[in-house]
Structure formats: structure tokens, C-alpha cells
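Undergrad: Below, each chain spelled out in residue letters.
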Amino acid sequence: MDFRNQDSSNSNYSNIENNNANTNRSSGAGMATASMVLGILSLATLLCIYPAFILGGLGIALALLSRGREKKLLSQAKTAIIFSCIGITSTLVMIIVSITMVFSNPELFKMYESMYEQMTGESFEDEIGNYLPKDFIPPTEEAPSQTQTPADI
Amino acid sequence: MKTNNSTTELKAMAREELLGKYTTAMGIYFVFTFFLMSVSILSNYTIDVNTTYGMIMNYVISFIISLISSVFSVGICHFYLNIGRTREYHFTDLFYGFKHHPDKAIIICFLIYIVTLLVFVPSIICYILFALKHFIIFLLLGTLFLLISIFILFRYLLLFALSYYILADFPDLSCREILVKSSELMTGNRLRYIYLQISFLGFILLGFVSCGIAFLWIYPYMYTTNALFYLDLMGELSNSSPYSNLYES
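Each protein sequence line maps, in turn, to chains A and B. The working numbering applies: residue 1 is where the first sequence begins, and numbers increase by one. The working numbering applies: residue 154 is where the second sequence begins, and numbers increase by one.
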């Protein structure tokens, strides 16, 4: 900005403008720092599943809003976005891997089913099985029949 | 006079204007949402929705809530216009609509609500007939009417998108004048407005990821950008905002 040919009122206005801009910059820096803290917390709570999602989403939103009119993000905001993205992506991968493992391994699925029954009092197949495709639930190993014919032996 | 700033410029200005002002903006959003949620939860708990009477009552209450929230919307628009114009802003701006012609906000909301309902009536009738008679022609007709209704909604109702901002700015205008002024401003700018709203999709997704907490920051950002869009159409942006000259170079 060229101030050389401006009159005094204009320079006063520029000073006010600069003061406002400085105040905004410090607010933006505070917000970027807060987003960085949220990003770090998102990484720290990676194993708790839900908090990582919430803190990560919040961290990215605050980081993006902290830049004001600037085109480039502050370094804290960049760190926040990286940490939050890692937090959210890792959590998503963990959820997908766990669901795939539970539904592909009959033993794990049996454990899950018994836990579900203990917690809700209803069997998983009765409650949710009807809404899922037939092949989705792995077949459980059937117990050997009580009455055996001599030919079976 | 510079008008028609790009969406990116408007959003950049909104972010800049909001820095350091989030506390009041979040407070306003929190109080408004708390009011809406508490009333709707209360009505859901007290009224049995399974009966016909309960269902009708529930619709009537939600209609009344939307009428009251339109008065709040005028206050919210006034608050964000103050922020956009870098004027003084207060938490009490939320109640501005109740002090300045609340009847006009209610009438405008009522008109928009009725028109929206009327536009969707043919498709609703077709879907009901399909549910009763099971003729596939009603389903196809219903879908066709639905598409036509959505087209009409975007074509005509978007013209009134700035009504509350105009009411907040010019409370002495009549309802008809407000709607006419809004349609004048929006003519030729509807696609820009739709693009502006679509550009917030990423932020809305982040809001849902954070279980709604991030909306405390995201909604003020969206409202401020919309207020700046209105100011841009009014040709005020280049005169009032100390940051706008940055985009002229």
C-alpha cells in the first residue's frame, strides 16, 4: 500500500485499519492455536473413536476460519489440519477394519453377538439381521447333533 | 462503485470481519437454536404424534415456531449486517425484529410457506393416490410434479431469499415492496447465490463430523457471508468495508 500521496485523514483511516487488521491477526492466531490443540487432542484420543472425530472436525473448521482474508494458513492452522485429518482418517480406517473383521470372522462375530445380547437382551440376528443382506452375517458353526446314526460313527 | 465480488472474496471478507467477534455471534446462534429445540422437544413430548389430532397439532406448532423464528431471523440479519458494515453490534440485536414491525416478518414467512406448500400440493396428491390405488402412473406423475415443483422453487422462491435482510434494513417498507425489492436484487444473481450456498457444503460436513459443535462457528460464517452478499448487491461493500479495497488492486 502506498501512503506517500495520501492526506492526513486518509493516513488516520489507514492507522485505524491497520490497528483493526492487527487485532484480527492476533484473534486469528489465537484461533489457529486453539485448532492446533484440538488437532493434537484428536490424535491423542485416536483409540476412543468418537472424541477423535469431534475434535478433528472442530480442529479443521477452526483452522480454516482462522486465516481471515489471508490466502495462506498460519503454521499452527496447517499443523491442526494435518493432525485432525490423521485423527479422522485413522479413526475411519479403524472402524472399517473392525467391522470387516467382525463380520468376516465367525468366532469374532459370535463374541460380538454374545456381547450384544448381554448389553441389549436381544439377539443381534433378530434385531438387525433382517435389515442386512443374507450373506452379510457369517454362518455360525453348528453344534454336532445329539442323535447320531451308526453310519455317522 | 464496485459490485459483484466473487464468492471467494465474500467468504474471505466474512472470515476477516468475524475474527474477534465470534463470542457474540455464537451466543446469538446458541440462544436461537436453544429456543427452537426446546419448543419443538417440548411439543414432541406433550403431544402424541401417533394420533391424527396429535399429528395435526404437531404440524400447527411447527408452523407457529417457523413464524416466530422468522422474527428472530430479522434480528439475526440485522446483527450480521452490522458486522458486515463494521458497525457496532450487540447481543440484543437478536430481538430487533420484535421491536420493528414483527408482523411484516410473520406475513413474509407465511406467504413463502403457503407458496411452498401450494407448489408441492400436486406431487403430494399423486403420491397419496399411488399409496391408495397402487397405479404406477401416479408414482411417475408424482415424481414429474416433484421435479417441476423443485424447478419452480428455485426459479421463483429464490427471488425472495433476501427479504429478511431488506426488512432488517428498511423496516418501514410494506411487505409487497420488500418482496419486490428482493426479487429485483436477486434477478440475475440466483445462480451466484446457489453457488455461494453450495460452497458451504464442506463446512456443513465438518459440522456434522463434529456432532454439531462446529456449527457454532460455521453458522456465523455463513450468515456473515450472506449478509455481505446482500451488501454487495446493494452496492455498499466498496464504501463501507475497510478490507474491500484490498480486492480492487
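Quick caveat, the hints were computed from the structure, so don't treat them as lab data. All C-beta atoms in this analysis are idealised placements derived from N, C-alpha and C, irrespective of residue type, glycine included. Be aware that one or more of the hints could be misleading.
[Claimed, not checked] Here are the computed lysine-lysine pairs in the DSS-like style, where the Cα-Cα straight-line distance is at most 27 Å: (1) B/Lys252 - B/Lys174; (2) A/Lys71 - B/Lys174; (3) B/Lys334 - A/Lys72; (4) B/Lys286 - B/Lys174; (5) A/Lys78 - B/Lys174.
[Said to hold, decoys possible] Chain A stretches covered by chain B per the calculated footprint, using a threshold of three residues with CB under 8 Å from any CB of chain B: (6) 86-98; (7) 114-127.
Undergrad: Which constraints among the numbered hints does this structure fail? Numbers only, ascending.
TA: Going through the list in order, the structure violates hints 3, 4, 6, 7 and respects the others.
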